[in-house]
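**Student:** Letter by letter, the chains look like this.
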Amino acid sequence: MRVHVVSTGAANLASVLAGLRRAGAEPGLVVGADDVLQAERLVLPGVGAFGAAATSLQAAGLWSALQERLNAGRPTLGICLGLQLWAEGSEESPGVSGLGVLPGLAKRLPDGVRVPQLGWNWVEPGRNCQLLQPGYASYANSYALREAPEGWAAAWTTHGEPFIAAVERGAQLACQFHPELSGPWGQALLTRWLGAR
Amino acid sequence: MLTRRVIPCLDVRDGRVVKGVRFQGLRDAGDPVEQAARYEAQGADELVILDVSATDEGRATAIRTVEAVRAVLGIPLTVGGGVREVEDARRLLEAGADKVSTNTAAVRRPALLAELAERFGRQCVVLALDAAARLDGGGWEVVVRAGKERTGQDALAWAVEATTLGAGEILLTSWDRDGTGLGYDLPLTSAIAQAVTVPVIASGGAASAAHLAAALHAGADAVLAATIFHDGHTTVGAVKDALAALGLELRR
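Residue numbers (my numbering), protein chains in the order written: chain R, 1 to 197; chain L, 198 to 449.
Hints are not guaranteed to be accurate.
[Claimed, not checked] Label-pair restraints from in silico Cβ distances:
{"#": "1", "chain 1": "R", "residue 1": "Thr158", "chain 2": "L", "residue 2": "Gly416", "range": "16 to 24 angstroms"}
{"#": "2", "chain 1": "L", "residue 1": "Val283", "chain 2": "R", "residue 2": "Ala188", "range": "29 to 37 angstroms"}
{"#": "3", "chain 1": "R", "residue 1": "Thr191", "chain 2": "L", "residue 2": "Glu282", "range": "35 to 43 angstroms"}
{"#": "4", "chain 1": "R", "residue 1": "Gly51", "chain 2": "L", "residue 2": "Asp428", "range": "43 to 51 angstroms"}
{"#": "5", "chain 1": "R", "residue 1": "Gln58", "chain 2": "L", "residue 2": "Arg256", "range": "30 to 38 angstroms"}
{"#": "6", "chain 1": "R", "residue 1": "Gly28", "chain 2": "L", "residue 2": "Ala234", "range": "22 to 30 angstroms"}
{"#": "7", "chain 1": "R", "residue 1": "Met1", "chain 2": "L", "residue 2": "Ala234", "range": "20 to 28 angstroms"}
{"#": "8", "chain 1": "L", "residue 1": "Asp438", "chain 2": "R", "residue 2": "Ala188", "range": "21 to 29 angstroms"}
{"#": "9", "chain 1": "R", "residue 1": "Thr191", "chain 2": "L", "residue 2": "Gly416", "range": "37 to 45 angstroms"}
{"#": "10", "chain 1": "L", "residue 1": "Arg281", "chain 2": "R", "residue 2": "Gln58", "range": "29 to 37 angstroms"}
{"#": "11", "chain 1": "R", "residue 1": "Asp34", "chain 2": "L", "residue 2": "Asp438", "range": "46 to 54 angstroms"}
{"#": "12", "chain 1": "R", "residue 1": "Glu68", "chain 2": "L", "residue 2": "Ala442", "range": "48 to 56 angstroms"}
{"#": "13", "chain 1": "L", "residue 1": "Ala234", "chain 2": "R", "residue 2": "Gln58", "range": "37 to 45 angstroms"}
Simulated from the structure, these hints should not be mistaken for laboratory data. Just so you know, even glycine gets a beta-carbon here, dropped at the ideal spot from N, CA and C.
When you get a sec, could you build the whole thing from the sequences and use the hints?
**Tutor:** Here's what the structure looks like:
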């Protein structure tokens with residue numbers, strides 16, 4: 001299956017492409033807003049700073065197309081910073097707006113635990129989750145959403161405090177963890193998303 | 198709860214895995230792609246590849262090795278060796294690394310850590326800190342150039358400075374213990390883990406699951422080992438079983 005991947009100018013693109021290939025997809029890169037609007041399936045990965053990624057997506061002319069696509073419920077996967085960009089903003093880059101599809105702000109993980117959170121942590125899906133299943137996922141994050149967005153099914157993880165591990169709604173899925181780096185559990189999740197309606 | 202990580206390390210030169218004592222006397226230890234896949238299947242939480250090539254040609258080969266490993270590997274991959282500029286890191290990340298580690302170049306020019314964090318995010322930037330006990334006793338000093346040079350710089354102070362600048366993780370290698378099989382330097386591990394708030398990976402000297410457990414109990418968030426896994430004496434899975442039996446939280 002053909003999947004379009006947005007290049008945010010950041011670093012983890014190769015891992016995302018390789019993970020999608022292992023899950024049986026044929027990934028290609030988005031070249032413009034038309035791809036964002038028309039792609040059968042779209043992946044928004046992302047590492048690095050919230051503000052820099054938002055600026056890069058705006059400069060590439062993809063911002064409003066992403067909002068339109070997400071609001072229309074089209075099949076889309078956000079990964080790590082890709083999830084946070086769906087929110088209204090982030091403590092990491094005050095004053096920079098997110099896509100605003102999810103209410104709330106990404107907040108810094110609490111003091112008293114190692115930040116960034118690097119490694120494997122348990123994902124506990126809420127009862128309404130269809131795609132997300134319990135298991136260990138691989139994380140690399142310093143910020144996270146803390147409140148369940150209304151209208152979405154959410155999964156939770158705890159690092160110091162509980163935070164949103166992932167949210168899903170139909171064929172829209174956004175993960176704070178990296179499914180492409182979460183071994184067989186992550187690959188199975190990618191496969192379920194590729195088949196989600 | 199965030200689990201502790203067990204991380205096999207592949208020292209790679211000219212497309213082959215090598216292993217030596219204290220970075221000297223390197224001998225061939227196999228094919229990196231095959232080993233990476235095997236370690237993931239055994240339950241490795243992450244993989245580190247250190248490119249120990251000394252030549253430009255070797256560096257180019259390392260990029261191809263990272264690409265080949267990435268194609269089969271579904272867990273995080275850190276790559277180090279020869280990262281002196283943002284551009285060096287970009288090439289490795291583009292080839293499929295998830296994090297890059299830098300060692301000597303960051304000691305020579307600490308601003309490199311800030312440049313890497315600015316471009317790729319802190320979670321991408323690993324400081325490889327090689328430390329040795331000071332010859333006159335108190336504390337540890339930073340060593341560089343694969344142990345050929347003692348800098349006199351305090352290892353704890355450097356760890357703190359590096360994380361302030363942009364390092365999101367510390368890969369701490371005891372120069373006194375690396376390759377000896379005598380176990381990790383526990384006082385060093387504990388001191389660094391207490392000095393910084395980023396995750397710390399202990400490295401250098403592991404010969405048994407008991408050594409790994411001791412480093413985790415000393416405060417390390419992850420343990421790195423090479424020899425014990427390469428020689429086929431044990432598997433990552435068996436080691437994780439042993440650590441779990443000691444009450445440590447692991448992904449299994």
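**Student:** Indicate, hint by hint, whether the structure satisfies it.
**Tutor:** These are the hints, each one checked on the structure:
1. R/Thr158 to L/Gly416: 16 to 24 angstroms: For L/Gly416 against R/Thr158, whose Cβ atoms are near 20 angstroms apart, the range 16 to 24 angstroms holds.
2. L/Val283 to R/Ala188: 29 to 37 angstroms: About 36 angstroms separates the Cβ atoms of L/Val283 and R/Ala188, which means 29 to 37 angstroms holds.
3. R/Thr191 to L/Glu282: 35 to 43 angstroms: holds, 38 angstroms
4. R/Gly51 to L/Asp428: 43 to 51 angstroms: holds, 48 angstroms
5. R/Gln58 to L/Arg256: 30 to 38 angstroms: holds, 36 angstroms
6. R/Gly28 to L/Ala234: 22 to 30 angstroms: holds, 26 angstroms
7. R/Met1 to L/Ala234: 20 to 28 angstroms: About 24 angstroms separates the Cβ atoms of R/Met1 and L/Ala234, which means 20 to 28 angstroms holds.
8. L/Asp438 to R/Ala188: 21 to 29 angstroms: holds, 23 angstroms
9. R/Thr191 to L/Gly416: 37 to 45 angstroms: holds, 38 angstroms
10. L/Arg281 to R/Gln58: 29 to 37 angstroms: Holds, at about 32 angstroms.
11. R/Asp34 to L/Asp438: 46 to 54 angstroms: holds, 52 angstroms
12. R/Glu68 to L/Ala442: 48 to 56 angstroms: 53 angstroms Cβ-Cβ, so the 48 to 56 angstroms window holds.
13. L/Ala234 to R/Gln58: 37 to 45 angstroms: The hinted range 37 to 45 angstroms holds for L/Ala234 and R/Gln58, with Cβ atoms some 40 angstroms apart.
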